[in-house]
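Chemist: For the record, the sequence lines run as chains C and G. Quick note: the first sequence uses full-length UniProt numbering, first residue 1, plus one each step. Quick note: the second sequence uses full-length UniProt numbering, first residue 1, plus one each step.
No wet-lab data here; the hints were simulated from the structure. Glycine residues also receive a C-beta, built at the ideal position from the N, C-alpha and C atoms. Accuracy of the hints is not assured; some may be wrong.
Stated by the list, open to error - So the derived list for chain C, only partly shown, Cβ under 7 Å to chain G, looks like this:
1. 76
2. 105
3. 277
Unchecked claim - List of simulated lysine to any residue pairs, SDA-like, C-alpha gap at most 25 Å:
4. G:292 / G:263
5. C:286 / G:290
6. C:286 / G:79
7. C:243 / C:215
8. C:292 / G:97
9. C:286 / G:25
10. C:292 / G:110
Protein chains: 2
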Amino acid sequence: MIVTVEQAALSSAMRQAVRIVQRHSTIPILSHVLVTATTGALEITATDLDARLTVTIEAETAVNGQRALPAGQLAAIAAAAAAGSQIRIEAGADDGRARLGAGRAKWAMATLPGEDFPAWGREDEAKAASFRIEAPRFLQLINHSAFAVSTEETRYYLNGSYLHVGETDGERRLLAVATDGHRLAIARTDLPDGAGEMPGVIVARQTMAALQGLIDATGNALEIRVSAAAIAVEQGDWRLVSKLIDGAFPDYQRVVPSGDEPIARLDAPALRAALGRVRPLAEASKTGSPVKIEIGASPAEGGDDRPVARISARGAGGEASDELAIDWAGGEPVEFGVNVRYLESFLARVGDGEVGLQVINPGSPVRLHVDGEMIGVVMPMRV
Amino acid sequence: MIVTVEQAALSSAMRQAVRIVQRHSTIPILSHVLVTATTGALEITATDLDARLTVTIEAETAVNGQRALPAGQLAAIAAAAAAGSQIRIEAGADDGRARLGAGRAKWAMATLPGEDFPAWGREDEAKAASFRIEAPRFLQLINHSAFAVSTEETRYYLNGSYLHVGETDGERRLLAVATDGHRLAIARTDLPDGAGEMPGVIVARQTMAALQGLIDATGNALEIRVSAAAIAVEQGDWRLVSKLIDGAFPDYQRVVPSGDEPIARLDAPALRAALGRVRPLAEASKTGSPVKIEIGASPAEGGDDRPVARISARGAGGEASDELAIDWAGGEPVEFGVNVRYLESFLARVGDGEVGLQVINPGSPVRLHVDGEMIGVVMPMRV
């Protein structure tokens, strides 16, 4: 293999590839990338045995060939080579070394045969459903569910987002649902053409993290193929194929409180600020702190008489409270307790918008509505 | 004590104070700040028993007083209170609690009596020398030496920068010297008026780190007082008094190679880039990697015939080399090995300038000249 590529292109491809590479694997080939030179193109492939990423860049190929090169070193070299330079890669000669050059800089390193690289990922792409979706919409499905994925390995079927087609508000939509038992996130978007026949699949946390890094929100629409065993996502010059979590996602609808309209609407930035103010005095634990929220309380003193939400917390060191104006349906005031950390994890995804709160009673889960694009459920906490 | 302050002023003062506060101290009072309200001013004091920081902000004081408040909570409250709001603090009533309010938010927390706060720091300010120095000049003395300070506690006298008056190039200057045994940094600046009588003192790493955070490079000149036991630094609304390390700094001049002019001058960014290029193939250890530098080598191939510096490294995985043009005094080519990490630690402070290299022979320390403001010494390494 003798091939010449642009520094920026190789560096960018290697930045993508190292997301998948297992740096500290006990299997030497997994710390390598498979480099394949064909006429006009260089293909970089990385795998961790669960996922396989291929990035294709333009190249001037003098001799076609394939060889596995150490991923960390190749990435570091590509990043450090002079900006704008051409990097020449020669590999597969008798001594099994790769020789690289860019400007006056030269590198030589040990390589492994291309045949040793795990071949998984090519066979598993049997189509079940295939669809196109704009990059920002799919990225949002990931971002609005990935944070709630469980990290507890005993319940492996919760270690991913449940990507499936479901009916909400009388319409079939594409949904991504994740839960860790304390909170549940439902991200939804309009059903893309062709996605209707998609099986419900659990996309692993690691795959979602890789996609968060790979997807260019301003780039081309994504080409997605989903079978019962694998998901393939493609955009521009990269393609990720990943195994799915083999398990049954629980019937999450059971924990989502029913009811039509939120009982109150709150300004998300104001609620975030109020939580930040009472938090310093809340009892602290590793997983978060309880705060009490009273919807429809009377203002403590002064100001107008409009009903407010009163946020309060108490701990060993003292207590704190704050109030914020709400858009309230009226009725009996309701108070409930939640873990501030879980509530904040939803608010962090809301941006500047409004959030609707639905509370049946103090002991039932709290439902949050965001824009029709996201529903959150937070378990109550005794305060 | 009843006092009202601006949110931004309190938040800024508390951000400064928490640099000194010991969050996880077994002595409860050390996780507090002493809050003192006098007519028109609120003083916040933090101490870790080695250093004492006082920040003074404007206040509307209704009742003078003094009380120790939990530092972490006060800092979090000040940061979270609404921007532009007035924060009212009331403390010292019968129940020993402090009550704070800002807008509709309220807080109550336990406090400790002001008398319990350690009084150290007031008595130790006996003057020995007192001088003014522009903030950027003193900050550079710190930045250009602090990185080389030893963290090895057995040689406690190396756990700080040796701030003293010394003669370099026939002129008396203010010097800050630090070493960890592998590298030595000498930062120097013109002698400020009044500093001539200053004793040589060792300023602890922690004190320098605090000063790096406290000093506003665009702010007022610093007022510095140095005695044999303590250093006091004052700028605008803050004043830090810190104990010094009680020990004798070694006679560092012995390890600085003599000789007049550097044998070669190299462009610092080009040298940094070349080191970055060979580093991926260098043998790696926790403390760094050896690289070989050949000064005055002939270019490997092509290009002009001007002598170059050739940077190279080899490890288990392979080898790498790069070359860069130099401004060379001529003579016999010299080659030597250094730890790339130590060399880079000096280059990181050079910015875009040139660096001069002085090498007596491959086994002797390497001397680096930067702008006349900094001298570095790096121990050689066998390659």
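Chemist: Within a Cα-Cα threshold of 25 Å, do residue 286 of chain C and residue 25 of chain G meet the stated pairing?
Modeler: holds (19 Å)
Chemist: Against chain G, run the beta carbon of residue 76 of chain C and see if the smallest gap drops under 7 Å.
Modeler: holds (4 Å)
Chemist: Do the alpha carbons of residue 292 of chain G and residue 263 of chain G lie within 25 Å of each other, as the hint requires?
Modeler: The hint holds at about 17 Å.
Chemist: Tell me if the interface restraint on residue 277 of chain C is satisfied: Cβ within less than 7 Å of some Cβ in chain G.
Modeler: holds (4 Å)
Chemist: Hinted pair, alpha-carbon criterion (25 Å max): residue 292 of chain C, residue 97 of chain G. Please report holds or violated.
Modeler: holds (22 Å)
Chemist: Does the alpha-carbon distance linking residue 292 of chain C and residue 110 of chain G stay inside the 25 Å limit?
Modeler: Roughly 21 Å between the alpha carbons, so the hint for residue 292 of chain C and residue 110 of chain G holds.
Chemist: Would you settle whether the hint for residue 105 of chain C is holds or violated, based on the nearest Cβ-Cβ distance to chain G being less than 7 Å?
Modeler: holds (4 Å)
Chemist: Quick one, are residue 286 of chain C and residue 290 of chain G close enough, alpha carbons at most 25 Å?
Modeler: violated (42 Å)
Chemist: Compare the distance between the alpha carbons of residue 286 of chain C and residue 79 of chain G with 25 Å, and conclude whether the hinted pair is satisfied.
Modeler: holds (22 Å)
Chemist: Taking only the CA atoms, is the gap from residue 243 of chain C to residue 215 of chain C under or equal to 25 Å?
Modeler: holds (18 Å)
The structure does not agree with numbered hint 5 stated previously, though it agrees with all others.
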